[in-house]
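Undergrad: Spelled out from the first residue to the last, the chains are:
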Amino acid sequence: MSASHFVRERLVCNSSWKAAGLLVPGLLICGIASAATPQPRRQEQHFKVQTHPVVTLHNPNGTITVKAWTKAEVMVISNRASDDVEVDAEQMGNRVDVSTHATSDNVAPEDMRADYQINVPEDAELQIHNDSGEVNVANVLGDMNVETVAAAVDLEDSAGYVTIKTVGGSFQCTRCAGKLEVSSISGNLRLTDIHSYHVHAQTSTGNILFSGEFLPNGLYRLKNYSGVIEVRFSPADSFDLSATSLKGKVINEATLTPKAHQQHFYNRFGNSLIGTFNAGRAKVELTSFDGTINILKRD
Amino acid sequence: MAPMTCKNFLNGLPLRTEGTSSRDAEAHIRNCPSCRNITEDLNAIHSAARSWGGEELEPPAHLWTSLRSQLEREGLIRDERDPQLEPSNSGWFGRWFAGLPRPALAGGYLVLLIAVAFGFSRPVNRQVNEARWLEGTQVSTSPLSAQLTAEQDSFASFNNSNPVVTASLNKNLAIVDNYIALCEKSVQEEPQNEVARDYLYEAYQQKADLLAQMTERGENNR
Numbered sequence: 001m002s003a004s005h006f007v008r009e010r011l012v013c014n015s016s017w018k019a020a021g022l023l024v025p026g027l028l029i030c031g032i033a034s035a036a037t038p039q040p041r042r043q044e045q046h047f048k049v050q051t052h053p054v055v056t057l058h059n060p061n062g063t064i065t066v067k068a069w070t071k072a073e074v075m076v077i078s079n080r081a082s083d084d085v086e087v088d089a090e091q092m093g094n095r096v097d098v099s100t101h102a103t104s105d106n107v108a109p110e111d112m113r114a115d116y117q118i119n120v121p122e123d124a125e126l127q128i129h130n131d132s133g134e135v136n137v138a139n140v141l142g143d144m145n146v147e148t149v150a151a152a153v154d155l156e157d158s159a160g161y162v163t164i165k166t167v168g169g170s171f172q173c174t175r176c177a178g179k180l181e182v183s184s185i186s187g188n189l190r191l192t193d194i195h196s197y198h199v200h201a202q203t204s205t206g207n208i209l210f211s212g213e214f215l216p217n218g219l220y221r222l223k224n225y226s227g228v229i230e231v232r233f234s235p236a237d238s239f240d241l242s243a244t245s246l247k248g249k250v251i252n253e254a255t256l257t258p259k260a261h262q263q264h265f266y267n268r269f270g271n272s273l274i275g276t277f278n279a280g281r282a283k284v285e286l287t288s289f290d291g292t293i294n295i296l297k298r299d
Numbered sequence: 001m002a003p004m005t006c007k008n009f010l011n012g013l014p015l016r017t018e019g020t021s022s023r024d025a026e027a028h029i030r031n032c033p034s035c036r037n038i039t040e041d042l043n044a045i046h047s048a049a050r051s052w053g054g055e056e057l058e059p060p061a062h063l064w065t066s067l068r069s070q071l072e073r074e075g076l077i078r079d080e081r082d083p084q085l086e087p088s089n090s091g092w093f094g095r096w097f098a099g100l101p102r103p104a105l106a107g108g109y110l111v112l113l114i115a116v117a118f119g120f121s122r123p124v125n126r127q128v129n130e131a132r133w134l135e136g137t138q139v140s141t142s143p144l145s146a147q148l149t150a151e152q153d154s155f156a157s158f159n160n161s162n163p164v165v166t167a168s169l170n171k172n173l174a175i176v177d178n179y180i181a182l183c184e185k186s187v188q189e190e191p192q193n194e195v196a197r198d199y200l201y202e203a204y205q206q207k208a209d210l211l212a213q214m215t216e217r218g219e220n221n222r
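Note that the protein sequences, when read in sequence, are chains A and B.
For the first sequence, the numbering used here gives the first residue as 1, with consecutive numbering after it.
For the second sequence, the numbering used here gives the first residue as 1, with consecutive numbering after it.
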């Protein structure tokens with residue numbers, strides 16, 4: 001039952017109360033209607049928080065959207081798929097814990113779902129577990145940890161220490177800074193406009209795209225088993241490159257200066273490319289088992 | 001009598017490899033891990049070389065010809081082919097051999113011996129090393145593999161309430177199993193390939209993580 005429907009019912013009750021002849025039956029009807037009305041499936045809750053609050057969310061299935069705002073409070077809007085699930089949101093000091101759980105033992109898979117829209121201060125720390133569906137986070141600058149099985153994760157404008165772990169879900173990160181560690185088994189990883197000093201992205205059968213700045217003293221380690229690893233660099237970038245594909249190809253558009261001490265080990269097994277681009281300030285390590293590695297110029 | 005030193009032991013090592021060993025040398029290797037390791041390495045190389053023993057090493061014919069012409073050019077031997085000056089019962093090799101000055105003969109023999117030893121030692125060492133790498137990898141992965149297989153068998157029909165999650169976990173478990181099989185094949189083919197071994201270990205790690213997730217979700221589902 002929607003909220004507007006609920007309000008209409010209340011108005012109907014009020015008008016019947018004014019009709020004196022129908023007072024008793026009206027009250028009875030109202031009482032029965034109120035008792036039978038379930039909790040609305042949409043809930044909105046607000047929690048006042050201090051700086052650097054922590055928000056945790058455990059959800060089996062659904063779309064989670066988290067956005068930063070300027071208020072010193074956390075707003076949680078949840079929408080349950082059925083009455084067989086309920087949403088708990090509670091505050092413990094500067095931490096807000098949100099979770100979805102079943103109210104009975106026999107819930108249909110499609111009913112075991114809740115969607116969330118959460119607004120947090122931009123310095124909030126997030127811990128999100130969502131098995132399937134999707135997770136979207138924008139403008140949150142605190143640390144975050146997201147774990148999913150099949151849910152895709154989409155991140156925009158982050159700046160903290162971000163760790164993402166999926167089984168089959170894809171990951172997309174746009175304009176992310178800070179420290180980024182991503183792992184997946186079959187998810188594709190797409191990192192664009194990155195301004196991070198530490199990127200560690202690993203997937204087994206997925207593709208990896210990295211397009212961003214290689215910051216001085218930054219470490220960029222991309223690894224997969226199969227699939228394509230693609231790195232796009234600009235002429236102003238400066239990095240030391242090590243690219244190895246044991247069974248696949250390494251395609252390179254960067255003009256590299258060979259290193260004084262070549263690591264001949266990598267040449268012995270597989271296709272390997274080691275060298276320095278400009279002053280070699282960042283360190284870039286690309287490894288694949290039988291995938292292709294592309295090192296291409298950025299447009 | 002003073003116990004044998006490492007230096008003395010190593011000086012006597014050639015005799016030992018020929019099968020002659022003193023009581024002092026035996027006592028020394030019992031107490032000296034360093035010399036014991038050297039001895040064990042040599043024994044391993046010796047055994048591996050024996051296993052190759054079916055192929056008798058025969059220097060190619062042109063080696064003799066080029067060696068002979070080199071020695072002639074340097075004036076160390078003469079071409080004595082006048083049959084009147086030679087005993088009638090010796091062939092060209094006997095005549096050539098008789099004409100060789102003894103130091104040249106010894107030097108040539110030494111060069112040949114070193115070349116043969118060098119040529120043999122590389123593949124033998126490689127074979128021994130590869131066997132060791134493979135054994136090391138198997139020792140570290142076999143218990144893990146057995147444990148993971150047992151765990152996997154314990155919930156053969158994993159079924160989460162969410163069919164999307166069930167499908168994803170089962171699909172990715174199959175991916176990781178395939179990944180492990182391919183890495184194992186690669187390690188078998190190139191046991192010294194560190195990258196292949198790393199991939200194999202990582203694949204096992206992924207499988208362990210995945211099984212832990214399946215166990216957790218299976219239990220939550222009960």
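The hints are simulated quantities; they were obtained by calculation from the structure and are not laboratory data.
For clarity, every value in this text was computed on a predicted model and none was experimentally measured.
Take the hints with a grain of salt, since some may be wrong.
[Unchecked claim] Calculated pairs, PhoX-like style, for lysine-lysine (alpha carbon to alpha carbon, straight line, at most 25 Å):
1) A:259 <-> A:297
2) A:179 <-> A:247
3) B:7 <-> A:71
4) A:67 <-> A:179
5) B:7 <-> A:247
6) A:249 <-> A:297
7) A:249 <-> B:7
Undergrad: Hint by hint, note whether the structure agrees.
TA: Hint check results:
Between residue 259 of chain A and residue 297 of chain A, the direct Cα distance comes to roughly 21 Å. Compliance with the 25 Å bound is thereby established for this hinted pair. At most 25 Å may separate the alpha-carbon atoms for a hinted pair to count; residue 179 of chain A and residue 247 of chain A exceed this at roughly 30 Å. Only pairs whose Cα atoms come within 25 Å are accepted, and residue 7 of chain B paired with residue 71 of chain A is rejected, the gap being roughly 79 Å. As the CA atoms of residue 67 of chain A and residue 179 of chain A are separated by approximately 20 Å, the hinted pair is consistent with the 25 Å bound.
A C-alpha spacing of about 47 Å is found between residue 7 of chain B and residue 247 of chain A, which places the hinted pair above 25 Å, so the restraint is violated. Of the supplied pair hints, the one linking residue 249 of chain A and residue 297 of chain A holds, its CA atoms being roughly 17 Å apart against a limit of 25 Å. Taking the CA atoms of residue 249 of chain A and residue 7 of chain B, the gap is about 51 Å. The hint is violated against a cut of 25 Å.
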